[in-house]
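Protein chains in written order, with our numbering: chain A, 1 to 279; chain B, 1 to 321; chain C, 1 to 429.
Please keep in mind that the hints were generated in silico from the structure rather than gathered at the bench.
Please note that the accuracy of each hint is not assured.
Among chain A residues calculated to face chain B with C-beta under 7 angstroms, some are [said to hold, decoys possible]:
#1 L18
#2 F23
#3 P28
#4 P120
#5 G150
#6 L159
#7 A180
#8 I252
#9 V255
#10 P256
#11 F264
Using C-beta positions, here's what the derived DEER-type ranges look like [stated by the list, open to error]:
#12 A214/A with V164/B: 42 to 52 angstroms
#13 S196/C with V164/B: 45 to 55 angstroms
#14 A214/A with M168/B: 35 to 45 angstroms
#15 A219/B with V9/A: 40 to 50 angstroms
#16 A46/B with V24/A: 18 to 28 angstroms
#17 V24/A with G170/B: 11 to 21 angstroms
#18 D86/C with V33/A: 17 to 27 angstroms
Keep in mind that this is a model prediction, so the values were computed, not measured.
Glycine included, each C-beta is placed from N, C-alpha and C at the ideal position.
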Amino acid sequence: MTRAWRKTVLYGLRYLLLGLAAFVMVYPFLFMVSTSFKSRSLALGDPTSLWPSDPTLENYIQVLGTENFARYFLNSAGVAVVSTALIVLLSSMMAYAFARLEFRGKRTLFTLIIVGLTIPTMMLIIPQFLLARDLHLLNSLPGLVPFYVGTALAFNTFLLSGFFQQIPRELDEAMMIDGAGPWRRFWDLIMPLSKPAVGTVIIFSFLGTWDEFAWALTVLNDVDNRTLPIAIALFQGQHSTSWGLVFAASLIAIVPVLIVYILFQRNFVAGLTTGALKH
Amino acid sequence: MSTPQSLAAPPRTAGSGSRRSRHHVAAAGRRRDTFAAYTFILPGFAIYALVMLYPAIQTLLLSFRDWNIAPDQPSPWVGLDNYIRAFGDPVFVDSLVNSAAYTAFTVPLQMIVGLSLAVLLDAKLPGRVAFRVLFYLPVVTSWVVVSLLFQYIFSSGDGLANHVVVDMLGLAPENVSWFQERWSGLFAIAVLGVWKGIGWSMLIFLAALTAVPEALKEAAQLDGANALQRFRHVSMPAIRSALSVVFILLFIGGFNVFISVLLMTGGGPGNATQVPLTYMYQQAFKFLDFGYGSAISFTLTLVVLAASALQYSWSRKRMAD
Amino acid sequence: MKIWKSGVAVTAALASLTLAACSSSTPEVTQVTGGDGAAELAGTVTYWHAYSADSPEVATLEGTIIPAFEKLHPGVTVKDVPIPYDELHQKLITAAAGEQLPDLVRADIGWVPELANLGVLDPLSTSMPDFQTYADQVYPGTLATNLWKGTYYGLPLDTNTRVLLYNASFFEQADIAIPTTVDELMAAGPALKEASAYAFADNGAGGWNMLPWIWSAGGDITDTDVTVATGYLNSAESVQGIQNLVDMYNAGYMPDIILGDSGGLQTSDGLATDKYATILDGPWMYPIFAGQYPDFTVSASQVPAGAGGSVSVVGGEDIVMTKSSSNKDAAMEFMRYLLSEEAQLAMAEVGQMPVLSDLGPQLTSINAYYAQFVEQLQTAKPRPPTPAWSQIDSIMQDAIRSAFRGDKTVQEALDEAASQADALLAEFN
């Protein structure tokens with residue numbers, strides 16, 4: 001009886017903490033949602049009142065009715081999916097080599113990856129632009145992919161190599177005794193055991209490429225080639241901005257990112273890796 | 001570019017095992033490793049070298065010039081002038097201090113709160129997915145939108161922050177003009193940084209906690225360990241490397257804070273809340289002084305690398321103890 | 001080079017037609033050139049601008065102006081590319097470095113000398129044979145923003161300026177007249193303070209904010225050739241212009257957002273919510289007030305005059321053609337069309353003030369509130385056209401703020417700012 005009671009209290013405490021944190025985290029977001037249902041809001045309203053007085057769908061209708069909106073959406077989706085797939089593949093390969101293999105030049109290459117983490121990419125934009133021009137990658141959606149992949153690799157390689165290190169080495173060694181080469185160990189051991197880590201990389205990479213704005217704006221000129229963040233930024237005016245419109249568009253743009261998140265956070269289930277370890 | 005070696009030290013690998021039976025296998029494996037390693041590294045590294053390292057070298061060269069963006073106009077070499085100027089520039093030095101303060105405030109909070117939420121959400125709990133989504137919402141919301149929102153929340157009149165600080169908690173006698181002063185302005189920016197970053201570190205910690213074998217936790221429970229003890233002795237060792245990775249990434253991210261500062265204060269009032277990247281952006285893209293902007297950018301890179309190296313070697317030493 | 005020369009020949013031919021059109025009774029320049037020149041013009045003209053996506057400006061440009069032009073010149077296609085305003089400058093700079101600029105750009109007036117100095121703009125006053133025709137039709141203050149080292153690199157496209165916007169209720173309640181001079185504004189301070197309002201509010205101390213007060217006091221920033229600031233920016237008149245504001249601030253007639261509190265009560269919100277009695281602002285504020293504060297009626301008058309009269313600052317955009325444009329004839333023709341009465345009036349309907357000074361009287365029938373702006377534009381001056389302006393602006397802002405904070409006297413602050421500005425100006429001469 002007392003044990004059950006204690007359990008209930010602990011549960012209650014846990015929910016209270018989570019609820020409190022959730023409220024603080026979500027409040028600004030709710031404000032965004034609320035503003036997106038207001039009409040012609042050129043200034044932000046009172047942040048303590050979350051219920052719009054005259055809720056309207058007109059912002060959503062206007063956003064979805066914007067010329068080419070569906071096209072921008074698909075443009076972003078295509079670039080994000082292809083880039084994410086490449087980022088996951090290439091960064092996990094690199095991370096595996098850094099975490100598990102010995103080779104000449106490893107130290108130097110790892111240093112170069114770390115350096116890449118710390119360089120502000122904003123400052124690289126002009127040399128990158130000249131490079132894209134010389135490679136004939138300007139003004140093209142597929143041309144975004146190598147740049148998205150290349151700039152994301154340092155971060156994800158570093159992140160994954162941290163996770164790969166955590167996998168017990170005994171497992172590798174057991175497979176090595178069975179005669180498994182590096183590729184088999186990568187595909188059959190490290191990757192399946194790293195589902196949560198790979199899920200994290202997918203979530204972050206998709207978000208990063210879906211949201212990318214500065215580079216896409218700099219290299220894309222044709223209106224038809226644009227990605228969604230550019231279309232959303234265009235709702236902001238020089239002297240005034242219809243916030244309801246910007247927020248509505250931003251909320252629509254969040255949906256795919258959340259879907260990817262919900263799909264891949266399912267990998268974060270305790271016991272998933274434990275099962276594999278028993279083999 | 002010289003990099004402190006300790007940071008660059010890659011993780012020790014399986015080949016360094018000490019037991020004799022292992023040694024034999026490892027030696028055989030190592031020969032195959034070297035060739036295989038390059039096939040793992042090369043495709044990714046080639047793209048990385050092309051779109052990151054090559055432009056970075058060009059930017060580095062640019063920092064030794066008085067660079068003119070027009071291709072047909074001269075860009076004379078000036079040696080270390082831009083770097084000497086940076087170290088004598090009080091605005092730049094202050095901007096480094098500001099970003100250090102921002103990092104000191106945001107990194108521990110993001111780590112602690114992120115880890116706490118991850119631990120709470122790692123267990124089987126009804127509504128877990130809903131909470132995981134709620135805490136992740138700030139991460140997916142665009143920086144532009146939330147920066148403007150937080151500027152509004154911290155507005156000096158009856159903004160939400162003043163409502164909480166003055167009316168609800170009574171911490172200040174009257175409404176605070178957050179963006180009027182250096183530290184209160186940076187505080188507001190840092191609050192946004194924490195708010196937006198918690199879900200990010202939570203996600204990585206969640207992924208790391210997932211790898212903790214349930215059997216170990218159960219065994220500890222049978223031994224009579226309470227929740228806190230189980231966390232310290234079972235979970236913590238298993239996520240050490242994730243902690244160190246998150247710390248370094250947050251640390252680098254803290255020094256590279258940019259959009260929120262640009263949009264919330266623009267580095268002002270005066271240059272009070274300037275951080276290295278806003279100052280770099282102003283010099284390069286507003287004043288078209290790309291040589292100086294590049295020098296600022298590489299000085300920041302050096303500072304961050306040196307600091308991360310110190311931290312990294314310190315944490316390795318601690319782990320070894 | 002060869003192409004360029006033949007381009008000049010064609011433009012010269014077009015220009016003679018244009019001039020003929022001007023000397024005849026009809027001012028409709030473009031119709032005549034369009035009618036005769038249509039067969040010769042072909043190709044695509046790419047045009048970058050920063051009208052926002054949901055704006056009526058973009059609707060008019062894409063729905064009215066471009067179709068009308070393409071009808072006049074069936075061989076020409078105008079491809080307009082909207083770019084978010086905050087990023088346009090960065091994109092222009094990067095494109096300039098990579099030699100990837102479009103044919104035409106609607107550029108902020110402050111960017112023209114900078115881009116000209118980079119050598120990426122076509123020198124219109126030498127390459128456009130009928131340049132003078134257009135130069136004569138526009139407000140002189142707007143034309144001057146295109147000048148760099150004796151050459152004009154663009155034409156003004158739309159304009160605006162700051163006038164005094166006020167909340168009439170305060171002046172009625174306190175029974176004081178609307179201030180027409182700086183002295184009257186300062187004298188109104190105590191009564192307005194009594195009514196718990198600030199007499200005047202502004203949120204910046206850079207050129208856009210401070211120049212009206214400096215010029216109206218008879219001061220200036222640089223000499224007319226924009227080579228030196230000392231003796232101008234720190235002249236007795238300039239100091240007086242700033243001193244008036246500092247005195248008002250110290251007396252509590254101005255709120256402290258002047259020091260740069262980005263979270264403070266902004267000028268327009270304060271005006272509409274009975275906190276600020278007057279502000280300086282532009283014509284774009286009218287739709288914002290109407291949308292956000294439907295119960296508030298904003299009133300306008302001229303910038304309070306000083307010893308130098310009532311002189312405000314010119315804002316707006318210029319249209320420039322790039323040196324790298326591969327279709328200069330068609331691009332130039334589209335520029336001409338954008339400056340036609342027809343196109344200018346169409347844009348006036350959606351809030352873009354025309355630059356053609358003759359259109360002034362007609363504007364009030366489009367929007368009554370244009371009247372004060374048209375009047376103010378007669379004397380309004382541009383910020384000094386120099387590539388160093390963004391740096392000088394930032395120096396001025398820091399210096400003047402230090403005077404507001406009381407760290408320095410106005411004279412000290414402006415002396416320092418002037419000598420720093422001198423060094424920058426010297427770099428470009």
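So which hints don't hold here, by number, going up? 2, 7, 8, 9, 10, 11, 12, 13, 15, 16
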